[in-house]
Amino acid sequence: MKRKTILLVEDTQPDELLILRTLNKINLANGVDVVRDGQQALDYLFREGEFAGRAGTDLPTVVLLDINLPRVSGLEVLERLRADPRTRLLPVVILTSSDEDRDRVRSYENGANSFVRKPLAFAEFAETVARLGIYWLATNEPPQG
Numbered sequence: 001m002k003r004k005t006i007l008l009v010e011d012t013q014p015d016e017l018l019i020l021r022t023l024n025k026i027n028l029a030n031g032v033d034v035v036r037d038g039q040q041a042l043d044y045l046f047r048e049g050e051f052a053g054r055a056g057t058d059l060p061t062v063v064l065l066d067i068n069l070p071r072v073s074g075l076e077v078l079e080r081l082r083a084d085p086r087t088r089l090l091p092v093v094i095l096t097s098s099d100e101d102r103d104r105v106r107s108y109e110n111g112a113n114s115f116v117r118k119p120l121a122f123a124e125f126a127e128t129v130a131r132l133g134i135y136w137l138a139t140n141e142p143p144q145g
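Residue 145, in our numbering, is where the sequence shown stops; the numbers in between run on with no holes.
Hints should not be assumed to be uniformly reliable.
[To be verified] Quick list of the computed label-pair ranges, beta carbon to beta carbon: (1) Thr12 x Ala123: 10 to 20 Å; (2) Glu100 x Pro14: 13 to 23 Å; (3) Asp84 x Ala123: 30 to 40 Å; (4) Ser73 x Phe51: 18 to 28 Å.
Quick caveat, the hints were computed from the structure, so don't treat them as lab data.
Glycine is no exception: its CB is placed at the ideal position from the N, C-alpha and C atoms.
Given only the sequences and the hints, what does the whole structure look like? Please build it.
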């Protein structure tokens, strides 16, 4: 059986730790790979740069992608993923603190599967992450099999 993984693209350490802690609580953390900027996300997904020797051939089951990232923005990452036949069907969830309507609209225009605003309250944020993890890893049927 294929290992289901999440690629977490998050540059804010407290958010990263909360996401990992929450996924660990529901027994999903062993399938999370973390990168901290948009360029690392692209390198990871396309096996380039520092990830050129990454083992395996499978894509993650889902990408949790922040919008405001160093080097390459989350929206630019999303555009590149949708432009490449290898990743155009990869589920991408925008997980961001942005409450700008233009970010939500641009995310969907660029092919996001979902747009989720990070709640400010710790408990709400944890519950949102748990629901995302359960849905994308246990409930959803991904396009890549």
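Against the structure, the hints come out as follows:
1. Thr12 x Ala123: 10 to 20 Å: Since the Cβ atoms of Thr12 and Ala123 sit about 18 Å apart, the hinted range of 10 to 20 Å holds.
2. Glu100 x Pro14: 13 to 23 Å: holds (21 Å)
3. Asp84 x Ala123: 30 to 40 Å: holds (38 Å)
4. Ser73 x Phe51: 18 to 28 Å: Because 19 Å falls inside the window, the suggested range holds.
Checked against the numbered hints above, the structure violates none of them.
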